[in-house]
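J.: Residues per chain, in single letters:
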Amino acid sequence: MGSVRTAVVGVGQTRHVAARHDVSMAGLVREAAREALDDAGMDFGDVDAVVIGKAPDMFEGVVMPELYLADALGATGKPMLRVHTAGSVGGSTAIVAAKLVMAGIHERVLTVAFEKQSESNATWGLTVEMPFSAPLVAGAGGYFAPLIRAYIRRSGAPSHIGHLVAVKDRRNALRNPKAHLHLPDIDLKAVEESFLLWEPLRYLDTCPSSDGAMALVLGSEDVAATVPGPVAWIHGTAMRSEPTMFAGRDQVNPRAGRECAADVYAQAGVTDPRRDFDCAEVYVPFSWYEPMWLENLGFCAQGEGWKLTESGATALDGDIPWNPSGGVLSSNPIGASGMIRFGEAAQQVRGRAGDCQVPLHTGRALGHAYGGGSQFFSMWVVGAELPA
Amino acid sequence: MSEALVEHHVLEYPGGYTRSVGPALSRYLSGLRDGVIVGVRGADGRVLVPPTEYDPVTAADLDDYVEVGPAGTVVAWTWVAEPRPGKHHLDRSFAFALVRPDGADTAMVHVVDARRPDELAIGARVAPRWAAERHGYVTDLEAWVPLPEGQAASPAPPNAAADASDEAITGIVTPIRLEYDINAGIAASKYLRALGERRIVGQRAVDSDQVYVPPRGSDPTSGAPTEVEVEVGQKGTVTTYCVVNIPGLSENAPEIPYVCAQILLDGSNTPWFGLVHGVAPDDVRMGMRVGAVWVDDPGPNAGSIKWFEPTGAPDAPYEEYKDYA
Chain A
1 MGSVRTAVVG VGQTRHVAAR HDVSMAGLVR EAAREALDDA GMDFGDVDAV VIGKAPDMFE
61 GVVMPELYLA DALGATGKPM LRVHTAGSVG GSTAIVAAKL VMAGIHERVL TVAFEKQSES
121 NATWGLTVEM PFSAPLVAGA GGYFAPLIRA YIRRSGAPSH IGHLVAVKDR RNALRNPKAH
181 LHLPDIDLKA VEESFLLWEP LRYLDTCPSS DGAMALVLGS EDVAATVPGP VAWIHGTAMR
241 SEPTMFAGRD QVNPRAGREC AADVYAQAGV TDPRRDFDCA EVYVPFSWYE PMWLENLGFC
301 AQGEGWKLTE SGATALDGDI PWNPSGGVLS SNPIGASGMI RFGEAAQQVR GRAGDCQVPL
361 HTGRALGHAY GGGSQFFSMW VVGAELPA
Chain B
1 MSEALVEHHV LEYPGGYTRS VGPALSRYLS GLRDGVIVGV RGADGRVLVP PTEYDPVTAA
61 DLDDYVEVGP AGTVVAWTWV AEPRPGKHHL DRSFAFALVR PDGADTAMVH VVDARRPDEL
121 AIGARVAPRW AAERHGYVTD LEAWVPLPEG QAASPAPPNA AADASDEAIT GIVTPIRLEY
181 DINAGIAASK YLRALGERRI VGQRAVDSDQ VYVPPRGSDP TSGAPTEVEV EVGQKGTVTT
241 YCVVNIPGLS ENAPEIPYVC AQILLDGSNT PWFGLVHGVA PDDVRMGMRV GAVWVDDPGP
301 NAGSIKWFEP TGAPDAPYEE YKDYA
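Protein chains in written order, with the numbering used here: chain A, 1 to 388; chain B, 1 to 325.
Chain B with its partners taken away, still in its complex shape (with noise of 0.2 Å):
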């Protein structure tokens, strides 16, 4: 039971991220939705796609826009030879490739649907394939394709998109998804067990008497390996607290209003972050004595402690709690 706990954890703002896209990315997605590419011209002459609102080399402002492509050039490349499902683009074999499109004097970033690694070499001509619907992201040019020699790429078809509308895109929403596993390390892990069987267990290091719940495995006073368990009391007294009346945006966030309470628990020297209910929030005082309220199937988390409640117990006289505060 030494072994530290893991959790896989899914990182995501509600609803992505949204992004204001300034003159030039607004002129190169709306001209996505639009079936053609649009680059700017720099200050040294040459064409930048996608287009920067800004020079690279002299910082200059930019803003003479033009068309180029639609056929293009790999300028590089690597083959995907087993994709990954919900990973890539595409569901099979394809390529990214640096595509510089005619006109163009910068390659960008996409992939070409191509059959056979042998379609490809560095000079290969390929031509946009565009989503029939298509809404202002760089996925309108779905993949590019390989040109057969002699042909010319073709026009973009009427955008399908049901929404589809002729003003410029200002902004765009980016969903942004990070999954990782998160370690909870030995020290919290011993801690998070012991609520499994309801009990609250912080830890010193072995020349103080300062124990701190939860443990972080070291005394942030002196970086000593905080290795002696110490079992504190279920029963604390409220240091300070806020009535909280904004929700949270957590699905598991408490309703409002509630009281979060910093709890000084008997035998412990950290002040610990808990609701108190059971009681209205106008009748919530600092120095009031509350005990946990534990869920009926705790288990290794914090969620355990369901929250504290009066005991009903004469609050602690002040002098007793104050530098806790």
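Bound-form chain A, shown alone (with noise of 0.2 Å):
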């Protein structure tokens, strides 16, 4: 941690959506970081710097966004930074610029992260067909499928945790007006029934692909002291990274996460994540993804994700909500997607996550993303106290 206690005192986010044709994309950053700056009292003229982040560049074929989106951020005459960390894009470009604060040198900085996917698929740009190699993978979905199943062996869990989460998340969506999916009539028979696109995930297992952004104004001790809302402190920062495949690595609980975990807690003074966090907000696109990082977030014992979600305790709710918004699986603009776990996490602490709101006791929260075939890890702990 810096020596600067830093908090977020300003978050906006689009409507997430299939498709945006209204809007460029300048525009669409435009309409978050415009949200984000009005909920912190401040105008783009008050910002010592912008940070951006956005996924991969094939997904729209823009490789530049830092200076594409300047003028439509106000960065002119100011430090613009791009971060690049694949699906966890959005959660490190968040700790790129809350670090920027926290080292003491800027006051008030912009982050913005977004993705337009209806200006091409992102499966396509996930599984460009190189030379030398044959075309396997079919998107995401193919690569996290087999992981899935492993998990599946190794824990014992039953065939329909995954619907569960798939359901949980999409009537959490309901209550979330920026959320992509409103799925009134979502059952576990609607999962059940619909497509089976990567075995064994199903349709409504899968996020789906929009169009949106999230932004947050991160600011100092100082700056927080001037703003007009309650502030989520900054109580932690961490992020690992990893290599795709080395020998004896363990794909479905990824040492990366584990140990980003760890250091946050460390910094947060966690121990207990279950009891420490009112809710998660956490990086799940695909629906058995909670059972995994359940475990591999240490909300409990290896093999017992399964039981947690089963039991309902991560409901809105259960003892520990996760992803009261809806998360993943309800609004996927992907380089955003990790930016929205972050500021989901963040709202829920200042109590202005609207219907989405989860009780406060310990008043703190995490955010978590997960990136590239699991080997970036991004998460912060969010307070409504200032840092011990």
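Hints were generated in silico from the structure; no laboratory data involved. Bear in mind that the values here come from a model prediction, so they are computed numbers and not experimental data. Please note that a few of the clues may not be correct.
Simulated pairs of lysine to any residue, SDA-like, Cα-Cα distance not exceeding 20 Å [stated by the list, open to error]:
#, chain 1, residue 1, chain 2, residue 2
1, B, K235, B, W307
2, B, K87, B, I176
3, B, K306, A, R153
4, B, K306, A, M130
5, A, K78, B, A60
6, B, K322, A, R153
7, B, K322, A, M130
Partner residues are not named here, just some residues of chain A that face chain B (Cβ under 8 Å, in silico) [unchecked claim]:
#, residue
8, Y68
9, D71
10, F246
Quick reminder that beta carbons are idealized off the backbone N, C-alpha and C, glycines included.
Quick one: dock chain against chain with the hints and give me the complex.
T.: What follows is the structure, encoded as structure tokens:
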């Protein structure tokens, strides 16, 4: 942790939808940035630096968003950085922005992450055919479904556990006006009868493809004292990475994820995440990743994640709600998805989560993102109270 | 045979990326289609062309659109004596220039179709030559041409495009093509050449027993070079898999449904993605023993192994492969 105590002082996001044909990419990021600045009682001129993130360039064919979107984000004459860590980028972008304040370099930093998936096709972007290799894996599901099968084998989880998560997160999304998917009739039967894409994953076990943007304003302790609304204090941040493939790699329960969680918990003084957090916003793009990450993040013992899900502990009225906002399963503008997790965690501890609000006991929440072949992890702990 | 394999590659999204253009470029592109150049007035009163959605100085929203031109002035230029076929906009010598349309305070990059460089100078007057058929792209303004002294620019001819419409342009398609040579690297080239000989050859570091297939030249756990070549078995165990029911976008993608498996080849320590064929997808199992089936004419590429088929041998016990899933 740096020496300057730092808080999320503004949060803004677009309504996430399948296609925003009415706005340019500039217009999309602008909407989120405008809302975050309004929330913080600021204008573009008040910001010292801008940090932007998006997922792999092939998704929209835009390789320099930091250049292309500088005008829209008021970055003229200011430092502007772009962060890139695949699907975890929304989280790592927020962390880079926060560190600029923690380090005492800037007082007010605007950070924005986005994806406009409607401009191409992410499945193509993730599985571009290259020389010397054979086209085998169709999209992210083709990569992750075998790992889910390995998890099921390892844990002995019954086959409906994933579907429970698919229903729970979509029901949560019905309370979130910004969520992409609003499926009022969602139930177990609907998930079980949806098309089998990448066995064992059915259509409703997977995230949608969304256009959307998320923005946060990070401020120093001095700035936090001047903003109109409540703030979310940053109690810890951590990032870890590991290679896609090495001998002995546990792809189901990656070491980088375990160590990233241990690091951020140590910074925040969290010893029992299930007890010490009021909720968690965790990157769950495929339903089964809830029980898998419950174990990876230490919310339960190995092999017990599916039992926690099945018991209802992670539901909105459970003792440790996961993804009260509806999560990635309900909105997935890929580059923004990690920052949405971080921002929704902040909204919870600010008491600003609307109909998705959980009761605050510890006043602390976890934001989590992962990307690549489960090889990039970024996490933060936010709290209603100043960090110790 | 120690040189790395190199192959030419074209990266292009099928059909081209789309762009929702937003309000400012919608005005600009619709204007080009209609034969006029549209700019926008910035917060300080300057007229920017092409128009931006947001003020580059104050970040304010901009929506005070103004028509500029049609004639303009060359602000800077460079002569292209030998245009490259297929790469340049014109097939004869021309100038790239920054042209400031009359009434604008900024210049736009475009081409000037001049016969000789001495027709151009900083401050030279130019006029647009419009395409007969216009669709809302910057190429609707085909080129700028030198404007003789005392003459005014002519208005654009009516749009001759068959699908000409008055509706605002809200989206365009932008083909982006990237061509380059990919170098497989020395380690992968050894592996690929072996595939051409129907052999699967991995590598390990000198002081490690962990065999990597395909090799990447170094052991990611230690960074040590993988200098020792190890031929591994052509049979292996399915450690985990999925049945794919959605088609890939590539022309060469397998037909659905197909089984994509992580296969631990005998003697290797890294599972390897491969297709499992010759068995109904529902009959594939974790632990199933499979063997490589080669194409008739293998070469130095991963396509040399057509797929894997069950060997019929008893399944491997879970304990043997569980750490490789």
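J.: State for each hint whether it applies.
T.: Structure-based check of all given hints:
| no. | hint | result |
| --- | --- | --- |
| 1 | B:K235 - B:W307 | holds (11 Å) |
| 2 | B:K87 - B:I176 | holds (13 Å) |
| 3 | B:K306 - A:R153 | violated (28 Å) |
| 4 | B:K306 - A:M130 | holds (17 Å) |
| 5 | A:K78 - B:A60 | holds (16 Å) |
| 6 | B:K322 - A:R153 | holds (9 Å) |
| 7 | B:K322 - A:M130 | violated (30 Å) |
| 8 | Y68 | violated (11 Å) |
| 9 | D71 | holds (5 Å) |
| 10 | F246 | holds (4 Å) |
The structure fails to meet hints 3, 7, 8 from the earlier list, while all remaining hints are met.
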